[in-house]
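K.L.:
Those sequence lines, one after another, are chains A and V. Counting from 1, one number per residue, gives the positions in the first sequence under my numbering. Counting from 1, one number per residue, gives the positions in the second sequence under my numbering.
Among the hints, a few may not be true.
Any copy, or any two copies together, can satisfy a pair, since identical chains are not distinguished.
In silico lysine to any residue, SDA-like type, Cα no more than 20 Å apart, as pairs [what the hints assert, rightly or not]:
1. 317 to 354
2. 287 to 33
3. 263 to 225
4. 317 to 255
5. 317 to 86
6. 131 to 393
7. 263 to 387
8. 131 to 348
9. 317 to 396
10. 263 to 29
11. 287 to 372
12. 317 to 256
13. 287 to 23
14. 287 to 274
15. 263 to 341
16. 317 to 260
17. 317 to 128
18. 263 to 274
19. 287 to 128
20. 263 to 36
21. 131 to 90
22. 263 to 283
Since the hints were derived computationally from the structure, they do not count as laboratory data. From a predicted model like this one, the values you see are computed outputs, not experimental measurements.
2 protein chains.
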Amino acid sequence: MTAQPLPLEQPGPRADGVLKYARIGELTLENGQVLPDVTLAYETWGQLNETADNVILVLHALTGDTHVSRGVVTEEMDDAARVAASHEGWWAGIVGPGCVIDTNRYFVLAPNMLGGCYGSTGPSSPAPDGKPYGSRFPQITIRDSVAAERILLDQLGIRSLRYVIGASLGGARSIEWAATYPELVEGCAVVASGHSATGDQLAWAQTQNLAIRSDPAWAGGDYYGSEGPVAGLGIARRIAHTTYRSAPELNYRFGRQPQGEEKPLADFNASRGRYEVESYLDHQAEKFVHRFDANSYLAINEALMTHDVTRGRGTLKQTLGRTHCNWLIAYVDTDRLFFPSESMIIAAEAPGNVEAHAIRSPCGHDGFLIETDQVEALLRRAFAEQDERLARSVGYLMAGA
Amino acid sequence: MTAQPLPLEQPGPRADGVLKYARIGELTLENGQVLPDVTLAYETWGQLNETADNVILVLHALTGDTHVSRGVVTEEMDDAARVAASHEGWWAGIVGPGCVIDTNRYFVLAPNMLGGCYGSTGPSSPAPDGKPYGSRFPQITIRDSVAAERILLDQLGIRSLRYVIGASLGGARSIEWAATYPELVEGCAVVASGHSATGDQLAWAQTQNLAIRSDPAWAGGDYYGSEGPVAGLGIARRIAHTTYRSAPELNYRFGRQPQGEEKPLADFNASRGRYEVESYLDHQAEKFVHRFDANSYLAINEALMTHDVTRGRGTLKQTLGRTHCNWLIAYVDTDRLFFPSESMIIAAEAPGNVEAHAIRSPCGHDGFLIETDQVEALLRRAFAEQDERLARSVGYLMAGA
């Protein structure tokens, strides 16, 4: 794992689905520490309209990135940009021309979370002394990332957000956006997420973090220049991934089948063959450790642990009572990490008649990534309701004039 | 972690709740390997009757031991035996004089599983060369442990089992007993368990095992004489313990409360205070690593992974169709490791009209240890049914004579 390079040159402004970088200056964190010269990486799709109010903010999950969807390959792009823009995104079919998040209509913005390893300032970024932060990277919270994103919006000239959309940790970010900047947020989608990290989520997160920190290759966080805590990060990913899938799905897909010709029954456990589900988790871990920085995992997982939209704001009803947005609350019915009841609680405490919608999936938490047809239908309905509400308020204003 | 000592001298035969040792000779394992000079440690309560048919076999869970309940302190006991017998057991109130498993009536036998670290031959035991087995300890299965226990029964002169009772991994052992020795088993209680390890259980087990094996202090399994893989074993325990409790219980008991005066929000994550649920898991891990051998954890967890009562026996219906016992099948309604449906499947496939009974608990899998009143009531009913059935069959025989 090497330190992340300094921001590249900017691609053109109409470069959809290609990483861009904004230097947003120093950021005072919730803990009072000042993080100097912060960079936020982001991707965009579509164009900001003249009134700067056609913006949809899409916030990624724990290990997600800014590449929500493909971009549009244009003449001006260099080869690297072409490759990046052509790459399938993690919410393919949701964002694009003619999609529910229609990039012919909306300007879509997807920032990498503060602390991340996909371009934003994080533990692998150079500190002022030119060396990676490593162990010197401060604790960041969901609110800190939202505050950084707020500055980015100003730099881009954005004046309001039609919808802030996030699932899982992205949902923690979106509800925090609505509560922190109610004057900017006109719609908020919180999918497969909660209003605060629960005791159960804290338990899973602690064990994952400990798996990384217990790996001697973590070296207290200062492992840059070496391979880093690959084993510990792989264990963390296995724990997390198991919580992302439902037990019935794992039982149905894999059961206790051996992997290929491997033989789990053997003379010694150390040399036995694997079950298929073990091979699956090995594969998940292997893919992951090559794409994610362990310190960023810790930084963002710890940020999720700090998540509590009510902190310093009274009850959840009081906290959400200050918002004025349309709400889209949805859960995956088989989710065993962010339980349906967490969405129901947000819906019950949000102002107005807000419903918690079910995404039906056999797959558990990851259903928000898998059941894109259902996500699309929910977003389509939510956008239509918002259009109607806006039309009514315009009609009311015109009637009153 | 030091190697386990050789078997001590035997206490008196009427020493209830005190560890005893049986040398059962060599054991040919399912994988064909021969384990020489095997010791099984066990405890007993009550006395074997003249017809040697008043026996109840109680089989412990993954990290359980033979001390199911207190013993009776007698004049002949030395001080060590007095202390051991006085110690509260893990199923206190279930086994004892006047309890549902009435030691005035039944002879209760609780063996430590093969591979364990509570007296039976396991990885920390001396191999023929006098050094601990360590990495040389073979793969053992649930069936191997049952086969060893069968030899112990012969040595003790036991001719039938009124009930074999186990929960969790103990339930895997009890269903395997019923399927392997149907001629001996008159009653079988399978509590919070399944007929085979599921894909989901394999996933959790793999990650736990990997946490131990990734700890450099595991040293390939040959760590005896040093502290051993304390960190890895602690991570394994945290994962396991979280699966043993329900999310609602963790949320209700701990939520996101800080531990005492500790401050989870801090300048750096490495130096932050803990949430209460983190302190709870730390405590669970700390207690555990001082009482359990990491290699035994691997051996028994791997044995659970091999669990499949149908292996080589056809379908589950065919497998259970060869049994003649009374069945007590029970699940904990909030169990997220051994799901209620697993008990329902056993009940559906067992011969006769077998019901899967609910143990109602907010606590998840560990409910079988916590809700002893409900366990007691279920056992009381099961024993009464068995008594009735035996009385009917005696009456039938007498009428025919």
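K.L.:
Give a verdict on every hint.
P.N.:
Here is what the structure says about each hint:
no., hint, in the structure
1, 317 to 354, "within (13 Å within a copy, 48 Å between copies)"
2, 287 to 33, "neither (34 Å within a copy, 37 Å between copies)"
3, 263 to 225, "neither (38 Å within a copy, 32 Å between copies)"
4, 317 to 255, "between (43 Å within a copy, 18 Å between copies)"
5, 317 to 86, "neither (43 Å within a copy, 53 Å between copies)"
6, 131 to 393, "neither (53 Å within a copy, 83 Å between copies)"
7, 263 to 387, "neither (58 Å within a copy, 44 Å between copies)"
8, 131 to 348, "neither (48 Å within a copy, 63 Å between copies)"
9, 317 to 396, "neither (28 Å within a copy, 69 Å between copies)"
10, 263 to 29, "between (52 Å within a copy, 16 Å between copies)"
11, 287 to 372, "neither (23 Å within a copy, 45 Å between copies)"
12, 317 to 256, "between (46 Å within a copy, 18 Å between copies)"
13, 287 to 23, "neither (30 Å within a copy, 49 Å between copies)"
14, 287 to 274, "within (18 Å within a copy, 31 Å between copies)"
15, 263 to 341, "neither (41 Å within a copy, 28 Å between copies)"
16, 317 to 260, "neither (53 Å within a copy, 27 Å between copies)"
17, 317 to 128, "neither (42 Å within a copy, 69 Å between copies)"
18, 263 to 274, "within (7 Å within a copy, 42 Å between copies)"
19, 287 to 128, "neither (32 Å within a copy, 44 Å between copies)"
20, 263 to 36, "neither (54 Å within a copy, 25 Å between copies)"
21, 131 to 90, "neither (32 Å within a copy, 54 Å between copies)"
22, 263 to 283, "within (18 Å within a copy, 37 Å between copies)"
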